[in-house]
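Trainee: Residue strings, one per chain:
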Amino acid sequence: MKENDSTDFGFKTVPKNEKANLVAGIFNSVADRYDLMNDLMSIGIHRIWKRFAIELSAVREGNSVLDIAGGTGDLAIKFSDIVGSDGTVVLADINESMLKVGRDKLLDKCWRSNINFVQADAQKLPFPDANFECITIAFGLRNVTDKSAALKSMYRALKPGGRLLILEFSKPTNGILAKAYDAYSFHILPLMGKIVANDSDSYKYLAESIRMHPDQEELQILVEDAGFSNCDYYNMTGGIVAIHRGIKNPDA
Amino acid sequence: MQSIEELKIQMLSQTLQTAALAMLEISMHQAMKLDRSKCSRLRALSGCAFLINITEPSLTVYLIIDSAGQPRLQNIYEGEITTRVSGTASEFFALTLSEDPGKELINSPLEISGESNRLLEISQILKNLDLDWEAYLTEYLGDIASHRIGSSVRRVHQWNKLTKDSLLRQIREYIHEEARLSPSKLELEDFYTDTQKLRLAADRLDSLTKKLRKAI
Numbered sequence: 009m010k011e012n013d014s015t016d017f018g019f020k021t022v023p024k025n026e027k028a029n030l031v032a033g034i035f036n037s038v039a040d041r042y043d044l045m046n047d048l049m050s051i052g053i054h055r056i057w058k059r060f061a062i063e064l065s066a067v068r069e070g071n072s073v074l075d076i077a078g079g080t081g082d083l084a085i086k087f088s089d090i091v092g093s094d095g096t097v098v099l100a101d102i103n104e105s106m107l108k109v110g111r112d113k114l115l116d117k118c119w120r121s122n123i124n125f126v127q128a129d130a131q132k133l134p135f136p137d138a139n140f141e142c143i144t145i146a147f148g149l150r151n152v153t154d155k156s157a158a159l160k161s162m163y164r165a166l167k168p169g170g171r172l173l174i175l176e177f178s179k180p181t182n183g184i185l186a187k188a189y190d191a192y193s194f195h196i197l198p199l200m201g202k203i204v205a206n207d208s209d210s211y212k213y214l215a216e217s218i219r220m221h222p223d224q225e226e227l228q229i230l231v232e233d234a235g236f237s238n239c240d241y242y243n244m245t246g247g248i249v250a251i252h253r254g255i256k257n258p259d260a
Numbered sequence: 315m316q317s318i319e320e321l322k323i324q325m326l327s328q329t330l331q332t333a334a335l336a337m338l339e340i341s342m343h344q345a346m347k348l349d350r351s352k353c354s355r356l357r358a359l360s361g362c363a364f365l366i367n368i369t370e371p372s373l374t375v376y377l378i379i380d381s382a383g384q385p386r387l388q389n390i391y392e393g394e395i396t397t398r399v400s401g402t403a404s405e406f407f408a409l410t411l412s413e414d415p416g417k418e419l420i421n422s423p424l425e426i427s428g429e430s431n432r433l434l435e436i437s438q439i440l441k442n443l444d445l446d447w448e449a450y451l452t453e454y455l456g457d458i459a460s461h462r463i464g465s466s467v468r469r470v471h472q473w474n475k476l477t478k479d480s481l482l483r484q485i486r487e488y489i490h491e492e493a494r495l496s497p498s499k500l501e502l503e504d505f506y507t508d509t510q511k512l513r514l515a516a517d518r519l520d521s522l523t524k525k526l527r528k529a530i
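Residue numbers (the working numbering), protein chains in the order written: chain A, 9 to 260; chain B, 315 to 530.
Possibly wrong hints are sitting among the right ones.
25 Å max Cα-Cα, derived DMTMM-like pairs, lysine to aspartate or glutamate [as the list claims (entries may be wrong)]: (1) 58(A) to 491(B); (2) 167(A) to 394(B); (3) 478(B) to 491(B); (4) 113(A) to 339(B).
Below, a sample of chain A positions facing chain B; criterion: calculated Cβ distance under 8 Å [stated by the list, open to error]: (5) 64; (6) 66; (7) 69; (8) 90; (9) 244.
Where chain A lies over chain B, by a calculated footprint (3+ residues, C-beta under 8 Å) [to be verified]: (10) 342-356; (11) 459-473.
Don't read these hints as lab results, they were simulated from the structure.
Note that the Cβ used here is the ideal one computed from N, Cα and C, for glycine as well.
Make a model of the complete structure from these sequences and hints.
Mentor: And the structure:
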């Protein structure tokens with residue numbers, strides 16, 4: 009297998025054209041218990057990370073927001089309240105099962121009519137150029153096969169001056185925290201997955217995919233290479249999670 | 315330039331601060347649900363953003379009233395600020411304890427810039443929240459149970475108030491009358507009046523002496 013034709017899937021190397029199906033298999037398996045597992049795995053802290061990402065988004069009333077890999081709609085619900093009836097939120101996810109769970113959840117929560125659901129691949133976003141004021145992708149980028157293609161696609165769909173926010177697991181900045189985090193990820197997480205979701209392999213993949221994902225600095229370079237300017241990132245909870253931000257050039 | 319240690323503390327405190335703001339915001343929303351009259355008053359302030367800058371310890375919080383009239387608390391806000399208020403934590407604490415936040419805002423050392431009338435308005439609204447806990451309980455427990463709980467809570471509250479008043483009165487009496495550790499308010503006032511009289515008499519004597527010296 010040529011290097012250019014392969015990509016990582018956790019610690020394994022797989023052909024690029026197979027990764028999407030393998031990731032889809034993982035999410036089909038965990039979709040029903042996704043929210044519960046998120047709460048258990050992060051002790052609810054994922055809500056704090058998402059909240060901070062929303063603050064950084066600077067989204068206002070009337071804006072158009074695209075939430076890629078929006079899954080069960082945590083960010084979309086918040087954005088829906090902020091943009092109000094004059095704005096729109098598009099919840100996009102490549103995975104049908106996740107989109108279905110998200111749609112059902114939002115239906116139960118009486119979501120506003122300003123949320124639209126789209127099954128879309130982040131690498132080939134099916135939206136016109138310069139369409140959104142803000143694009144977010146929370147805990148989704150590491151599952152994308154070609155991250156550079158996805159970032160370029162997001163750049164294209166953003167309006168000039170619009171901002172991209174990537175909320176993703178990253179590299180702890182403290183050595184002791186990193187060791188504790190490793191022990192937690194590779195031992196406790198799969199066990200938790202087995203007990204709660206009867207699926208330890210998916211949570212083993214989660215831990216492995218986090219380790220294979222670019223760290224803070226590497227991801228910032230990828231974002232800059234896609235054309236974004238004023239790029240920066242915020243470490244949360246000692247770097248376990250980082251929020252990267254990039255702005256599309258207002259003259260683009 | 316910040317040291318690495320300072321940056322690490324800042325990163326952890328970012329999560330904690332966001333969590334604290336989230337909890338406070340949830341409490342505010344719950345309180346708003348229990349006092350519907352304040353929601354309409356807050357809606358009139360929708361679009362306003364208040365920057366609360368605490369200098370000691372250093373902390374910046376934004377209070378934003380969204381289009382639905384709901385208060386939102388944020389670490390970061392890039393929109394236009396309606397009013398900025400800056401001061402130490404103790405100055406803000408004094409404001410929250412004050413019976414009249416408007417008067418306190420004017421007289422306190424807090425620095426205010428922007429539309430101060432909006433700040434006065436929101437501080438009045440938040441200060442005078444009249445929480446209808448019984449109505450909230452009725453939704454879950456029904457009329458009878460919530461009324462009983464409400465009555466019990468009111469009785470406990472009344473008993474607490476009476477006990478506190480009585481205890482304070484007895485401590486005051488013991489300090490002033492029994493142990494004589496401190497003079498009573500009346501004695502103190504008498505003392506101040508006598509001192510004032512003495513000072514005036516001394517001033518008169520002084521001017522009389524000066525007058526006599528000149529005459530001699």
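Trainee: Just to make sure I understand the rule, a stretch counts as covered if three or more of its residues have a C-beta closer than 8 Å to a C-beta of the chain. Does the stretch 342-356 of chain B meet that for chain A?
Mentor: violated (count 0)
Trainee: Is the hint on residue 66(A) kept, meaning its closest Cβ partner in chain B is under 8 Å away?
Mentor: OK, holds: residue 66(A) within 8 Å of chain B, min 4 Å.
Trainee: Taken at face value, is the distance from the CA of residue 491(B) to the CA of residue 478(B) at most 25 Å?
Mentor: 19 Å, holds
Trainee: So if I understand the rule, the pair passes when the alpha-carbon distance is 25 Å or less; does residue 167(A) with residue 394(B) pass?
Mentor: 21 Å, holds
Trainee: Would you check whether residue 64(A) satisfies its interface hint, that is, whether its CB is within less than 8 Å of any CB in chain B?
Mentor: Since chain B brings a Cβ to about 6 Å from residue 64(A), closer than 8 Å, the hint holds.
Trainee: Would the hint on residue 69(A) be counted as holding, given a Cβ-Cβ threshold of 8 Å to chain B?
Mentor: For residue 69(A), the interface hint holds, since the closest Cβ of chain B sits about 5 Å away, which is under 8 Å.
Trainee: If you draw a straight line from the CA of residue 113(A) to the CA of residue 339(B), is it 25 Å or shorter?
Mentor: Between residue 113(A) and residue 339(B) the Cα gap is close to 23 Å, so the pair holds against 25 Å.
Trainee: According to a criterion of three or more residues whose C-beta lies within less than 8 Å of a C-beta of chain A, is the stretch 459-473 of chain B covered?
Mentor: violated (count 0)
Trainee: Is the hinted pair residue 58(A) and residue 491(B) satisfied, with a Cα-Cα distance of at most 25 Å?
Mentor: Judged against 25 Å, a Cα distance of about 61 Å means the pair is violated.
Trainee: Quick one, is the residue 90(A) hint okay against chain B at 8 Å, beta carbons?
Mentor: 7 Å, holds
Trainee: With chain B as the partner, please determine if residue 244(A) meets the hint condition of a C-beta pair closer than 8 Å.
Mentor: 5 Å, holds
The structure fails to meet hints 1, 10 and 11 from the earlier list, while all remaining hints are met.
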